[in-house]
Amino acid sequence: MQERIDHLDESIGLRKLVLYRDVALTEAGEAPARPARRASVAAVIRNPWVGTGPSADLSAEQGRVAPVLARLLTDRLIASLGGADEIESFGKAAMVGTAGEIEHAGALIHTPYFGNLMREFLQGESVICFADSRTEAGETLIVPLWHKTRASTRSHYQTISARVSDAPRADEIVVIAAASTGPRPHPRIGDRMTDPVVTAETLETVPS
Numbered sequence: 001m002q003e004r005i006d007h008l009d010e011s012i013g014l015r016k017l018v019l020y021r022d023v024a025l026t027e028a029g030e031a032p033a034r035p036a037r038r039a040s041v042a043a044v045i046r047n048p049w050v051g052t053g054p055s056a057d058l059s060a061e062q063g064r065v066a067p068v069l070a071r072l073l074t075d076r077l078i079a080s081l082g083g084a085d086e087i088e089s090f091g092k093a094a095m096v097g098t099a100g101e102i103e104h105a106g107a108l109i110h111t112p113y114f115g116n117l118m119r120e121f122l123q124g125e126s127v128i129c130f131a132d133s134r135t136e137a138g139e140t141l142i143v144p145l146w147h148k149t150r151a152s153t154r155s156h157y158q159t160i161s162a163r164v165s166d167a168p169r170a171d172e173i174v175v176i177a178a179a180s181t182g183p184r185p186h187p188r189i190g191d192r193m194t195d196p197v198v199t200a201e202t203l204e205t206v207p208s
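Residues 1 to 208 (my numbering) are what the sequence shown spells out, left to right.
Misleading hints may appear alongside valid ones.
For each label pair, taking beta carbons as the anchor points, the in silico distance ranges come out as [said to hold, decoys possible]:
(1) G106 to P196: 34 to 40 Å
(2) S55 to A79: 37 to 43 Å
(3) S11 to A33: 41 to 47 Å
(4) E10 to P112: 39 to 45 Å
Derived SDA-like pairs: lysine to any residue, alpha-carbon spacing no greater than 20 Å straight-line [to be verified]:
(5) K16 to G138
(6) K16 to V68
(7) K16 to Q123
(8) K16 to A137
(9) K16 to E139
Treat the hints as calculated values from the structure; they're not laboratory data. Note that CB positions come from ideal geometry on N, CA and C, so glycine has one too.
Can you make the complete structure from the sequences, with help from the hints?
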């Protein structure tokens with residue numbers, strides 16, 4: 001494993017990996033029926049586009065770096081949460097340092113070289129929800145998650161906070177993959193499949 005990490009360090013400028021994991025044991029004084037395990041994995045890499053202008057072609061580095069990150073991060077999510085078949089919801093995010101463009105963050109996660117592979121490795125079908133931002137080192141980013149095969153399943157709408165204390169530095173990008181093994185602690189707000197029909201017209205008929 002160390003040999004593989006050393007190789008990745010050379011190929012994509014990997015400086016650090018940060019794994020965060022939690023499980024909610026109680027909520028509102030009661031144990032959830034299905035305590036969900038949640039995790040995020042962040043990779044801190046050098047920004048390959050620092051110093052380039054807004055007309056620079058990003059595609060070559062996208063195709064080289066993003067697939068490596070997709071495998072690296074999902075491997076660790078799968079190991080942390082007990083297997084891809086245990087994972088029910090997922091999300092992705094990126095934070096670019098102050099010397100980079102917000103487009104540099106998006107370039108590594110809004111691409112089939114990352115998103116398609118992350119979805120495949122985690123056995124998903126849904127479009128992956130996301131967050132991206134330009135930040136100073138140590139700032140927190142809220143990463144949204146939803147169901148990996150049924151994105152409209154409200155019970156799995158949740159977020160996880162991601163933070164690396166010393167990243168991204170000005171010339172770095174932090175790329176994050178996150179997942180959960182289940183829903184929020186006590187989900188009970190219905191689902192799009194069972195919702196009543198609500199329109200502006202139907203609301204006008206409801207007595208005040």
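Hints and how they fare:
{"no.": "1", "hint": "G106 to P196: 34 to 40 Å", "result": "holds (37 Å)"}
{"no.": "2", "hint": "S55 to A79: 37 to 43 Å", "result": "holds (40 Å)"}
{"no.": "3", "hint": "S11 to A33: 41 to 47 Å", "result": "holds (44 Å)"}
{"no.": "4", "hint": "E10 to P112: 39 to 45 Å", "result": "violated (25 Å)"}
{"no.": "5", "hint": "K16 to G138", "result": "holds (13 Å)"}
{"no.": "6", "hint": "K16 to V68", "result": "holds (14 Å)"}
{"no.": "7", "hint": "K16 to Q123", "result": "violated (26 Å)"}
{"no.": "8", "hint": "K16 to A137", "result": "holds (13 Å)"}
{"no.": "9", "hint": "K16 to E139", "result": "holds (16 Å)"}
In summary, the numbered hints that this structure violates are 4, 7.
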